[in-house]
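Enquirer: Here's the letter readout for the chains.
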Amino acid sequence: GNSVTQMEGPVTLSEEAFLTINCTYTATGYPSLFWYVQYPGEGLQLLLKATKADDKGSNKGFEATYRKETTSFHLEKGSVQVSDSAVYFCALSPPQSNTGKLIFGQGTTLQVKP
Amino acid sequence: NAGVTQTPKFQVLKTGQSMTLQCAQDMNHEYMSWYRQDPGMGLRLIHYSVGAGITDQGEVPNGYNVSRSTTEDFPLRLLSAAPSQTSVYFCASSYSKTGRGPSGNYGYTFGSGTRLTVV
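As they're listed, the protein sequences go chains A and X. Once you know that position 4 of the first sequence is 35 in this note's numbering, the rest is easy, because the numbers rise by one and skip nothing. Once you know that position 14 of the second sequence is 37 in this note's numbering, the rest is easy, because the numbers rise by one and skip nothing.
Next up, chain A with everything else stripped away, as it sits in the complex (with noise of 0.2 Å):
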């Protein structure tokens, strides 16, 4: 079946940090793959995407390349800051879903010192 695994945390960094979270995914087929970001009383919000292998998702200063190979997205930054502590999520799309449900990792938990 279709399943996402993330490291556990919580995840503590000093500011400017280099943050990785790692992602792996069992998928049939070519799954999209999302990261979403949860801050602190609010909802997911989508951070980045890829849609097929090799591809790189982008934002805020975020990237995940999918890996076919490795079946990895994981999360990366080069200079964290306090406003990223939040609560990451990897998650698929499977590609033929009859339902649109995403499957979703359990969640990181990024705190950023100052």
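Chain A is nowhere near these chain X residues, computed Cβ spacing over 10 Å in every case:
#1 Gln-40
#2 Asn-51
#3 Asn-88
#4 Ser-103
#5 Val-141
Distance condition first, Cα-Cα at most 30 Å in a straight line; then the derived BS3-like pairs of lysine-lysine:
#6 A/Lys-99 <-> A/Lys-87
#7 A/Lys-144 <-> X/Lys-32
#8 A/Lys-108 <-> A/Lys-144
#9 A/Lys-108 <-> A/Lys-87
#10 A/Lys-91 <-> A/Lys-108
#11 A/Lys-83 <-> A/Lys-132
#12 X/Lys-32 <-> A/Lys-91
#13 A/Lys-132 <-> A/Lys-91
#14 X/Lys-32 <-> A/Lys-132
For the record, the hints were derived by calculation from the structure and aren't laboratory data. Ideal placement from N, C-alpha and C gives every residue a C-beta, glycine not left out.
Keeping the supplied structure of chain A fixed, place chain X upon it in accordance with the hints.
Expert: For chain X alone, coordinates are given in the frame of chain A:
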């Protein structure tokens, strides 16, 4: 601003009460869905709709009803609230169930959520 609007943001219910969580979108999206978010369990799909007049069950539909009389609105009804329904509820929409839309638009837009507590 265009997007998905959910009301209310917070609600406390007593066991056995009923209520409706509202969801509205102004992006002319055909696909709408409801998720619940619980600690350690991620987001789980409750119900979804691929267009006005069409609804179907997700993975955790029991205790919830939905209807889709217009493209814009997709309310979620709790018929008789139970403590197990304490959760954060998110409504989401997209051009289609695959997330793909015209002009390269792609993705699912989420509302800001409703935090429901059943006591």
